[in-house]
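Engineer: With the hints as extra help, turn the sequences into a complete structure.
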Amino acid sequence: MDRRTFVKGSAAVVGAATLPRTPAQAQAAPDKIRFGYAITQSGPLGPGADSTTVSNYKLWNKLVNDAGGIMLKKFGKKVPIEMVAYDDQGKPDELLKLTERLIQQDKVDMVLSPYATHMNLAQAPIINKYEYPVIMTTATTNKTYELGPRWPYAFWNIAQPREASQPLSKAIADLKKQGKIKGRVAAIYPSVEYGVENNEAFLEAAKKDGLEVVFNKSYAFGASDLQPLIREVMATNPDAFLAFSYPPDTFMLTEQAQILGFNPQFMYVAIGGVFPQYKDKFGNKVNGILVYGPSDPKAPGMDEYAKAHRDLFKQEYEPGGVNVYAALQLTQQAIETVGEIDRKKIRDVIANTTFKTLWGEIKYVKQLNANPWAVGQWQNGELTVIYPADKAGAKPLLFPKPAWS
Amino acid sequence: MLELLRRNWGISALTALGAGLLALVPLFGSNYVLSLFIVLYANVALATAWAFFSGATRYISLATAAFFGVGIYTLAILHVYVSIPLAVVGAAIVGFLVALVVGLSTLRLRGVYFVVFTFGLTELVHQVLNWWEIKINKTVSRYIFTDVSNVNIYETLLAVTLITIVGSWYVSQIRLGFALRAIGEDETVARHTGVNTTRVKILCFALSASVMALVGAVLALRYPYIDASIAFNNTWSFQVLIAALLGGAGRAWGPAMGAVPLVLLSEYLAGSFPHHFSIALGLCFVVIVYFLPGGITRLIERFLHSLKAARAGMGGHG
Amino acid sequence: MILFEVFLGGLLLGGMYGLIALGLNLQYGVARILNLSYGEFFMGGAFTAFFTIMLWKLNPLLSLFVSLPIAFVINWLIYQYLMIPLVRRAADQDALDADVVLVTFGLFFVFQGLALVNWSGDLRGYSFLSSPVHLVGATVAFNRLFAFLAACALAFALFLVLRYTRFGTALRAMTIDPVAASLVGIDVRKFSALAFAAGGALAAASGMLVSTFISFSSTIGVEYTLKALIVVILAGVGRVTGTLAAGLVLGVVESVGGYLVDPQLTIAINFGLFMLVLLLRPTGLFTRA
Amino acid sequence: MSGPGDILLSIRGLQKAFGGLVAVRDLSFDIPQGKILGLIGPNGSGKTTVLNLVTAEFAPDRGTILFKDRDIVGAKSFEVCRMRIARTFQLVRVLPHMTTRENVMLGRMFGSAPTVPAHAAKEADALLDRVGLKPRAGMFASQLTYIDQKRLELARALAAHPELLLLDEWLAGLNPTELKIGIDLVRQIGREGITIVMIEHVMEAIRALCHRVVVMNAGERIAEGTPDSVLSDPQVIQAYLGGSDAAA
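Protein chains in written order, with our numbering: chain A, 6 to 410; chain B, 1327 to 1644; chain C, 116 to 404; chain D, 7 to 254.
Since the hints were made in silico from the structure, they are not lab data.
Just so you know, even glycine gets a beta-carbon here, dropped at the ideal spot from N, CA and C.
Treat the hints with care, as some may be off.
Said to hold, decoys possible - Quick look at which bits of chain D chain B covers, simulated, 3 or more residues with Cβ under 8 Å: (1) 87-93; (2) 108-118.
To be verified - Pairs of lysine to aspartate or glutamate residues, derived as DMTMM-like cross-links and limited to a Cα-Cα distance of at most 20 Å, are as follows: (3) A/Lys134 with B/Asp1473; (4) B/Lys1464 with C/Asp377; (5) D/Lys82 with B/Glu1513; (6) A/Lys284 with C/Asp237; (7) D/Lys82 with B/Asp1512.
Structural biologist: In structure tokens, the structure reads:
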């Protein structure tokens, strides 16, 4: 990490948030804006954090500085950014400590989100205590609606369980109404927070939409064989199959469904379904599979983004990470709107502005992204965005899913 | 106890002075410093508690995470119904009781069988608890919202850590401690010398577990959210074992000698080389084994010994 | 009918468990080194196979020509230069175990760190032999069946080597009593180094085979080390040929139990069985009392 | 309370098998208080198993072990020790990383009259003095020579304040000078009223010390009597010569 000394200019800017306002002319422009994050680099969550989040932090850092930095209009100049990064080892205690280190020792100007729901939740009280606005890019829980008011500085960027599940339930209900399917749904989920909460949210929606859930079971996260479970699912003869799965199981159950010739007309897998590696492994068999947390590859700016990503990392970007990049873009826009590092003002701008980003328009209502991309689908070997259907760029659903070839 | 204090007044006074100074840290330390100390204390207390049983008896346990997690869960469940201090104490009691049951069934296993069993235990508790939460509560998440300040957590953990170290030292001076060491040296001899080995092992295993649960419960006051994978994160088990072995598990203050540098090293590496943390940590272990056998404790003792010898030598000539 | 297929799936899964544990039992049972970096060679084997098919578009089986020798040599070096000094200075097996656990745990961190830096932490997977095979009315994946057959073949080959060659006789003698073995003129150090190296090569082979049907990343190693260790303990330390049998028991109980009770409990059943055996028969299923 | 001449330990119909091998078969003998009994026989004849049965290392398949008229079968090893039965081990077993003094303290602290460490240390020093280990009190037991480790084992057993002392080849492996000192030490212990059962191959010691001798072969008692009568018994001589391992 770059550890160049931190000169007093930016300390003055930090002070500006709390000290009585002195004439602007008296303040020198900071020579850097410092962003800090503590994120999991070692342990089981390290890989996910790397591909979804850290890569985007690095890419954004490079692109912003290539463009001269972030415009601080109060000083009338662009200021380059600098990143301070720590490894939290996947432990909440480490994250808490390192976040305080970022804020109190390193005196960073802004804090960026850690990885995974529980880590974001662990960090939320601290960033609120110190009033650092953070856009949480990998946190999803049914509690969001209660937690929002508790933590005014925390913003929730991705589709929460309800937003992610309701469109699925509605889509199946519509297909049923059109007489295309009977509406027999089977849903499975791993025994982790994400799986359980999405499943619960889906059951709630399915009940409202009058769907018949013929099978609903959880499996052990980390299981080495899902074939018996898929057999059980097949025995109930569902026409829609949903798995609120995690990456390793997403891969495994897709392969085992093919081996068993399980061909539901409507099939959804959750995390990992958008990975480039998923497509690499299964080729065109991915067509018709619905996936969680996509991004629109046709959105304006995506070509440049994809190229820059390829140039820097020598591999394809992860569509599930585009929301992270979008969060960074809108943070930059908010800072530029305010024109200085005044975190209270930045927070208010984030809370009240509609931003144009790579991930489409983002507008927070009660700190919750009002209309995030929730469900995508592989069509013709490409990832597309499907739901929310009313969002600009959304493609129509491909139905039925083609049988495995 | 008083007799022991009188005989070791120098070190007792030093400990009391050190504890007093540490207790004052919140007056001038930033929140970051408090957090760093909290992590330090947690590691020291866990490593000391681990070594109290496993170091002395050489029953290498990987169940630290299990009892730590039991503490977290007990707090998460109890804090809704009773006051926080009561919930924390409750966690220690539950940890003690769980360890009693576990100890009854497992402490006849030895060597690597015991190691792997305790590892399996952590996983089993994790899986079964997860299953229970999903089946009964329809969620795996629990939220802990308290208004306990960092300073309170700091002082509590400081007290827990001191009590653990002093307690561990005290036990090493009484019959129970001798019995524990004898079990580690040769369990058959201990048994035939009149030591009720089963009772000693289970009691000490449970005491050690209750400290682990206690630490888990206190740390959990800082987590707004927990689930089984956080509570039963088995990296705790490994980290604690490494710290104790690095420091030297044969002395009450040994594990602290290992835990403190490890935490500080990881704090340094976390910032300087986040990507190379694991490589550096790994090389550290290798270096320790080849160049620091017996841990830091032995290094210090050898140094003190040679110092004493030098002084005695001078005295002899003078 | 489903139950039969579940049983069959359990057998295949058990074959995988046996496969990943074979090498560890050579290392721990024969060479007496509990190698916690074992899974890193499993991971290395998987990555070599992945690159072979995805980058060079070759049959992943060919990767064995690369990964086996490399794993063999690295493990031999580890034994020769890192373990022998520890064996020399250890007062007893307990003391040796403590040192070995620390060093190999350190190696695990180093290897995993190197993999993370060079190959990133991304999840990897590829398709190889992922077609259905129909066996007496049940369907299984060809790649899982293939790994199962390979496990059987390897176990059988090991059995033959241990039974009918001088090398094997020496290894068996060492398993039973290393001191006595050295007294009758067996070069225990040399044979231990070879057994240790062969164990590492087996880890790489099992990594290659398992990667055909399970996705993996740089951090997968430790999980498989622990899985393998459980099978080894279940089989009985040093019972190399019992390893496969223990794996099969574990796999079948896990699959059938998960199916009959609750799929969420597969891992719990796995550990529950293991712990039960440990309590009732602490020296393993396949040892003489 | 037992007095001199009363039967202290009485073994009746003792039997123990390991798998198919019967290690001790229908064994009976008595030991009067204050006497020294020799237990001899070729290697593998079940002598050590008898000690292990008395000290509850193993549970017998059949039979009774009466100690001061009380059946102690079913008691745990530590309880047997607290009833004032102490033992040494065939292959010397000291606690290697504890000091010589601590080894003996352990016996004192957990034997029949448990006491606190400070008090135990004083008594340990007295016992160490008695077996000639006082100068090595602060050394680790692992640093002691073989003979000193044997002495230490004896001191540790004595520290438990035994009424019955079980010695398992305690005199084996000593040179002639050491042997003489050892024999004197055992004799002196016997004179203090401690009843002794000693497994021994050193016939010189058996003759010098034992009031009675029980001879075992293949788990069974084949002879019993005074040392002189037993050692001239042709059956005994046959058993020794026929055994794989001749007597020392």
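Engineer: The structure should be examined with respect to each hint, and the outcome stated for every one.
Structural biologist: Hints versus structure:
With a cut-off of 8 Å between beta carbons, the region 87-93 of chain D has 4 residues touching chain B; three or more are needed, and the interface restraint holds. Beta-carbon proximity to chain B at under 8 Å applies to 8 residues in the region 108-118 of chain D; the threshold of 3 is reached and the given coverage holds. Among the hinted pairs, lysine 134 of chain A with aspartate 1473 of chain B is consistent with the structure: their alpha-carbon atoms are about 12 Å apart, no more than 20 Å. A C-alpha spacing of about 15 Å is found between lysine 1464 of chain B and aspartate 377 of chain C, which places the hinted pair at or below 20 Å, so the restraint holds.
Distance restraint check for lysine 82 of chain D and glutamate 1513 of chain B: the Cα-Cα separation of roughly 14 Å lies within the 20 Å cut-off, and the hinted pair is therefore satisfied. This hinted pair checks out: lysine 284 of chain A and aspartate 237 of chain C have alpha carbons roughly 14 Å apart, not beyond 20 Å. With a C-alpha separation of about 17 Å, the suggested pairing of lysine 82 of chain D with aspartate 1512 of chain B holds against the 20 Å cut-off.
Hint check: no violations occur; every hint is consistent with the structure.
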